[in-house]
Amino acid sequence: MDIVVHPISGASPPHDDAWVDAVLATVQGSAGALVSRAMGMPSRETGVPGLLITIWDGDGAGSTAAVEVGAGLRIGAGRRYRITAGGSGLEVAGPPRYVQFTEFAGPHDQSWVDAFTDSGRRRIWPAMRPVPGIVACLTAVAADGAALALPLAESVESLEEALRRTMAASLLPDEDPALLTGPDHVDTHRLLHAEIPAGLLGPTG
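If you use numbering that gives the first Met the number 0, the sequence shown corresponds to residues 0 to 204, in order.
Since the hints were made in silico from the structure, they are not lab data.
Quick list of the computed label-pair ranges, beta carbon to beta carbon: (1) R120 x A24: 30 to 40 Å; (2) D15 x R121: 41 to 51 Å; (3) S154 x H184: 15 to 25 Å; (4) P125 x G71: 42 to 52 Å; (5) A177 x D15: 44 to 54 Å; (6) G181 x R81: 16 to 26 Å; (7) L179 x H14: 36 to 46 Å; (8) V185 x D20: 25 to 35 Å; (9) A64 x M166: 29 to 39 Å; (10) E156 x G59: 33 to 43 Å.
Given the structure is predicted, the values throughout are model-derived calculations rather than measurements.
Virtual Cβ for every residue (Gly too), placed ideally from N, Cα, C.
Using the sequences plus the hints, can you model the full thing?
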C-alpha cells in the first residue's frame, strides 16, 4: 500500500473545523485518510497549516496533484511513499486524536532504508507499542529513500512518553549507528479525521 502526503494551507482557525469535510470531498477511491492541523496560532499568510494523508491499496494509486478547494483553502502537491509497516498499540481506550509527523529527508540508499525498517520493527516499535494511549504507527519510504514515521495517539502525553522510551532503547548488537541517523523534522498535529484500513494495522506491524 501507498500513502500520499499533501500539505494543506488556508484552513480555518482552530475553533472551526468545517474545512475538513471540504478536504475529504476531494478524495475519491482511497482506502483511508488522515486530516490534521498543526497545533498553535494560524499564520496570517497561510492560515492553519495541516496535512492530508491518503492511503491507497495499490502501488502508484492516488493523485499527487495540488487541489484548489476554494475560499483560500488549498491542498498542495503530494508526495508518495510506500508503506513498510503498520501496527496497533497494546493499551488503547479511544480513537487517535494526535499524530506525530516524523520525517527523515532523503535521499538515502538501500542500506539506510533497510536499517530504518529493521530498527523500527525490532527496536523502536517494541518500545513504543506498550505505551498507554498509543493507537497505531505507520512507517513509509519514498522512492529516493526519504522516510516517515507516523505514530497516532490518544494524547500528546502518550506521544511524549513513546518518544522518551524509543530514545532510551539501546541499539541492538547488530545495528550500525552510522546508518541510524535521526529525523530531520518532527511536528505534532491534532487529528481531525482518521480512517485507517483495519488490515493495515497488524498486531506486530
